[in-house]
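Participant: Here is how the chains run, residue by residue.
There are 2 protein chains.
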Amino acid sequence: MTYCVGLRLNRGLVFMSDTRTNASIDNIASFKKMYTWERPGDRMLTLLSAGNLATTQAVIGLLEERSKAADNRTPSIYDAPSLFQVARLIGDTVKEVIRISADGGQKGEATFGASFILGGQIKGGETRLFQIYPEGNFIEATVDTPFFQIGEHKYGKPILVRAYDADMSFEEAAKLLLVSFDSTLRSNLSVGLPLDMQFYEAGSLKRGYERRIEQHDPYFSAISDGWSDALKVAFLSLPPFDPNA
Amino acid sequence: MTYCVGLRLNRGLVFMSDTRTNASIDNIASFKKMYTWERPGDRMLTLLSAGNLATTQAVIGLLEERSKAADNRTPSIYDAPSLFQVARLIGDTVKEVIRISADGGQKGEATFGASFILGGQIKGGETRLFQIYPEGNFIEATVDTPFFQIGEHKYGKPILVRAYDADMSFEEAAKLLLVSFDSTLRSNLSVGLPLDMQFYEAGSLKRGYERRIEQHDPYFSAISDGWSDALKVAFLSLPPFDPNA
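Chains as they are written, first to last, in this note's numbering: chain A, 721 to 965; chain B, 721 to 965.
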């Protein structure tokens, strides 16, 4: 499986993704699931992917090709006038890839589904965050739902729900996402290190801070150990249960 | 869906289950998912159920009937010589019910699957905890895996993994389970109050403390609010992320 999160803050966006893919439990590999298209001053687009790796790679491949080959540039994500149009373009590409995969050929047990989180900004528009479904349709993050998770999202959701704050700094959001990823990594083998992290500062129209968190990253280890201890302290701080109350 | 947990402690067992069932999102009802068979001094058996309600009710119904009707008493869970045999009996009953449901009749979209957690003690034997699958086979809790969850288990797992301790008191375990259920209730509409809780003291061979936690239960509210605050404090206590480190 996979775990990816896109978080909308008042000051911009934060993305995080793991890198594990598995065809089955004994066939594990690492692939980056975060892709960025950037033309500084004009647009900055980041895409996170979950689902069938052949599908997600084909989608990225098509998007890449169409943004480069001169005679095949339309539709290109560099030409789309708005993030909404980029989301539509990616949705159409997903549908196209899944239709081709599902049409004929040997039937496999795996399905061809894939989901995406798209965030960024195009000059003249707002900073926006979308979730794109395998069906090609999509939804946008709002004040009420300021983050999207794809893949193995359940373990890491409770802490996001409780500690997210739209006014957070990028550093606080990074810490929050690392806690959410740590809870997921501990409970599910199909999500694995290294993790990719990226900040986008609203209005900057260029890629922000990026970091890959590898095995034995000192800060991630500190968060992981510290969170275990902090949770135990938090648990002890709750009032005791009284059977006779 | 459903959320049920059975926890094995050194001093006994703790069970907790929610009561929500839904046929679809607009067809919600409350059913108790905790069943106890008791003959004080001889045996105490508690069963938690998740899955297709028609299947789980049929399984319970058959187990009940066969423990009462004199001419149909075999196999009865009151006659089984060990908890292992009770688990087998329940597994066979699940298989029987699913086979009958799946055989002919109108095909529905829902599947007939159901899972169970069985815990308790029979005179002369140990206190034991089992998880029974829809296929009728089962596994037993061990020192390494001292608890079972069925239904919507992911949201509530991280806190169980981190705060469980085999030496816990019943009161501490009750608090732990309430935190785990609170995380699940907040993230998933298919799990709902009231909750049923039961303790079993190893060696007692009778049903222990029981409580139903309703909406607006003062202790559960205190845990729920307190856990939000405690998590925020725990989160703040972690070292800040330094992009330049």
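Among these hints, one or two may not hold up.
A pair holds if it fits inside one copy or across any two, identical chains being indistinguishable in the list.
Said to hold, decoys possible - Computed cross-link-like contacts, DMTMM-like style, restricted to lysine to aspartate or glutamate with a CA-CA straight-line distance of at most 25 angstroms:
1. 952 / 891
2. 843 / 949
3. 752 / 887
4. 815 / 785
5. 843 / 855
6. 815 / 746
7. 815 / 799
8. 952 / 892
Read the hints as simulated data drawn from the structure, not as lab findings.
Participant: Decide, hint by hint, whether the structure agrees.
Facilitator: Status of the hints after comparison with the structure:
no., hint, verdict
1, 952 / 891, "both (24 angstroms within a copy, 16 angstroms between copies)"
2, 843 / 949, "neither (45 angstroms within a copy, 40 angstroms between copies)"
3, 752 / 887, "neither (29 angstroms within a copy, 43 angstroms between copies)"
4, 815 / 785, "within (17 angstroms within a copy, 53 angstroms between copies)"
5, 843 / 855, "neither (28 angstroms within a copy, 57 angstroms between copies)"
6, 815 / 746, "neither (30 angstroms within a copy, 30 angstroms between copies)"
7, 815 / 799, "within (20 angstroms within a copy, 59 angstroms between copies)"
8, 952 / 892, "both (21 angstroms within a copy, 12 angstroms between copies)"
Against the hints set out earlier in the document, violations occur for numbers 2, 3, 5 and 6.
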